[in-house]
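K.L.:
Let the hints inform the model, and build the full structure from the sequences given.
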Amino acid sequence: MIGPDRWNRARGCQIIAGYASLDGAALPILHALQEEFGYIHEEAATLVAQALNLSQAEVHGIITFYHDFRRAPPGRHVLKLCRAEACQAMNGARLAEALLQTLGIEWGETTPDGALTVEGVHCLGLCACAPSVLYDGKPLGRVDQEVLGTIVQQARGA
Amino acid sequence: MPLIQEIDYGTPVPATGKTVSLTIDGFPVTVPVGTSVMAAAMTMGTAIPKLCATDSLEAFGSCRLCLVEIEGRRGTPASCTMPAEEGMIVHTQTQRLADLRRGVMELYISDHPLDCLTCSANGDCELQDMAGAVGLRDVRYGYAGESHLDAPTDTSNPYFTFEDSKCIVCSRCVRACEEVQGTFALTIEGRGFDARVSPGGLDFFGSECVSCGACVQACPTAALNENSVIALGQPEHSVVTTCAYCGVGCSFKAEMKGNTVVRMVPYKHGMANEGHSCVKGRFAWGYATHGDRITKPMIREAITDPWREVSWEEALEYAASEFKRIQAKYGRDAIGGITSSRCTNEETFLVQKLVRAGFGNNNVDTCARVCHSPTGYGLKTTLGTSAGTQDFASVDEADVIVVIGANPTDGHPVFASRMKRRLREGAGLVVVDPRRIDLVNSPHVKADYHLPLKPGTNVAMINAIAHVIVTEGLVDEAYVRERCDLGDFDSWARFIADERHSPEAVEEMTGVPAPDVRGAARLYATGGNAAIYYGLGVTEHSQGSTMVMGMANLAMATGNIGKPGAGVNPLRGQNNVQGSCDMGSFPHEFSGYRHVSDDATRQMFEAFWDVSLQSEPGLRIPNMLDEAVEGTFKGLYIQGEDIAQSDPDTQHVTAGLRAMECVVVQDIFLNETAKYAHVFLPGSSFLEKDGTFTNAERRINRVRKVMPPLGGMADWEVTIAFSNALGFPMNYSHPGEIMDEIARLTPTFAGVSYEKLDQLGSIQWPCNEAAPLGTPMMHVDRFVRGKGKFMITEFVPTEERTGPRFPLILTTGRILSQYNVGAQTRRTQNTRWHEEDVLEIHPFDAESRGIRDGDLVSLESRSGDIALRASISERMQPGVVYTTFHHAKTGANVITTDYSDWATNCPEYKVTAVQVRRTNRPSDWQARFFEEDQALKRISARVDAAD
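As they're listed, the protein sequences go chains A and B. Counting from 1, one number per residue, gives the positions in the first sequence under the working numbering. Counting from 159, one number per residue, gives the positions in the second sequence under the working numbering.
Bear in mind the hints are in silico, worked out from the structure with no lab data behind them. For each residue, glycine too, the CB sits at the ideal point set by N, CA and C. Among the hints, a few may not be true.
As the list claims (entries may be wrong) - Partial chain A-side listing against chain B, Cβ under 10 Å, derived:
1) Leu54
2) Gln56
3) Val59
P.N.:
Have a look at this one:
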């Protein structure tokens, strides 16, 4: 299951119009859309193409190139686990595997209750306090199973 | 001719004057500055291994196979992205390079199926070739790792298959879609190992893809391959010929297996298309051998009788005896002929010769009557020649492009790609069109000004633009003084400077805001080289000729004729509409646009043909039909044209045909006109004959026979046989002999011969002693007529008016996948893109009539009514509706009227007052059409033994 769909065409058009005159506006627009709606709706991609005089295929290419852009709504909360070298060396990989197993989902998926989406990232720049995660945009260092458990609980409780 | 393998230089070879010299593998070579090392090597015949490079695309440098070593430089740079430099010493084959290349190939092949023997590209695969070239013997990585071998295959496009598992992600297809076609329908989805070619995450058919074939052409493996190759295997020989669709006149290699076409591949040396194609020429040729082809001559006494198959002799004898009987009874002028813009120059020439010399009258006309006759009239009057001024390549140097009443991306797609390339380079664009056509706003193209005028107000618009140029002091006075008739210019300038022509004064009439008109006019006059491209949206009006002259005025006033990147350029509709006009198809003109009343010309023809010829112009098509209805015109020979579908006011056309006593139709299909015919002579497709077509840039291209005529005779042979049966002997053994006669009798063709065409590839007329290699650009130092002639272009609105009963204006046009009356494209898979004609209507007009998208609606004009489906579209402006005329059963021309251009009778297809309302049934005309379609096309049981 996916999270609630917050896509709103009128608001989307407003966001696009706000950046359309920039040079190389595609990325700022896509970031802003994801910020607002949690993901980039298919219709938004078409609107971006029209606004920037690009083909739909080009916008599709941009969106799929960056792993950070989502094409479906995320859960109510998003947890990004670092999968880069330092965090791996500090038991990150095993922690992640255990978490996914407990939740019964794969990388990039959302729990069936729509509470939490788990995504991988490659380096948060927090190697000194590996393993690290980003929970709803907030960095956390030296996480362990307990911290992750609390996060899941919090996500479900909220 | 064996299979033609064009040399692939890997990267484009620039045409700069300066050169550099370098040494490659110990041999000296000199190439233009900007040439890549890869292309430089190829000019001396050294092929550096490559996968992501091909010379229709800019260098990309991704496959890492074309690495070379350059003395004095570190590393192994890619030769495709490395420009050749003076004194460079390059090695293309060293042990180090061999090891690197083999290593790269191992990686490619570790994720590629090893099914070469059963692969559709076997024998035509660059990956296979490169594996051979680098000596790949083993793949150290094995094949057990993660791979894309299970990637799904996309068969959604009817003409080609995307076999993703065979894709090496070289991006050639993506770049071809961008650089060559300009559609940007393909992308690389994902990144790293996940990177795949994708039509925007959709399947090919459902994507933005226009099926031009550029990606298939560019693909080095079997990933993108023609379905016909998958079905038939590799071709064994090729014949270079010319496409029989639009007036761009693309050169193709017909790649053959015996006399079966395997595929049509755009020919790089074709000067009109330079290796590019569109969905029609590239893929939609299956109609040529469609089961509907009629290959036996047929006759019948009355159109209500079933057709009876007979021998060629009997059919021709019958037709000849009927024509002789009619002339004996009703007079010499009671018969006539119509030449075809689909047929070759030679065939057209013969038909008009048959009419003038055999029938003994000038009752010959052609379908150009209904499309570009105003072009002929207008450009001849102002500039002196009935043809466009430039070659297509000229657009590469245009700084401002004005498109008026043309929709190049649909009507002339291969030229549109070239135009879009120039637009992406930054040329300005003005679009004058009632509809928001694709050029107004599509990926990487955006018009600086779109002037969405009300249909029928072209002349008011062009006058307003001219007014701005004259009153704001933007006239190129030096040019006008040197090149044009000053008296005419002065009276025109006084006329146009009148306030009633100002953008503000005509704003209400045209519906276009005056500031936009002023902006567009300033851009045209001051933006550098400015070129006008126009189509039937200019000519098919009651003021078509005025508008053509208005554009010529504009170009002369701004000095935009006679230099590259400028000009007044008609985008001609049919493959040989330029040629059919050149060949003397009009009732008042011999070949080369010389009036029949011109004694010297007529005497030359009389002497050569040994007959006496009429000095008065004959009947135009509309006059023939009028006189038929009146009972004085009784017999018509029609070669390859379907006037019952293509000409306006269908019911008047069919009434005329019904009133005739002998209608002879020569066509490849039993078309709409043949329903009213008494003799049917099987025609031949462009694949079945030799000849020439002349395209919109006056380029004479060879058409070459790749299979024998299905009916036994090519069209030119049929005309000869008919002429002989009539007692006017003709004797040619090859179309080349007809061209020799044309050259002898036509000054602008004096230097043309098949021998020279074979030598040069193609020739743009005039080709004569003064211009032995032809003339890419006209009016260079002076106008053909001497001084350019400014014409007064008073705007006289059409008499067709909207009112309470018919409040909307209907305008007609075409779409990419279908062609003209659809006789060809409807018999191909192109119908997948366009199954029926629909009525485009603005949401406002739809809503006020309670019409929803897809509803069946009745479309009614003063001429008649039809029913078709509505498509609600914001491309339209309120008050204007639009449809196409590709399907006979729709009957779009039942609606159009008898109004026509004042000078040339070109019908006013583009303006018809109509009403639209919801309906639940076909119109009476359509119901009758379905009935008659059965009744008038019956063929009695075939008696093969009788032959």
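K.L.:
A separate judgement is required for each hint: does it hold in the structure or not?
P.N.:
Structure-based check of each hint:
| no. | hint | result |
| --- | --- | --- |
| 1 | Leu54 | holds, 6 Å |
| 2 | Gln56 | holds, 5 Å |
| 3 | Val59 | holds, 8 Å |
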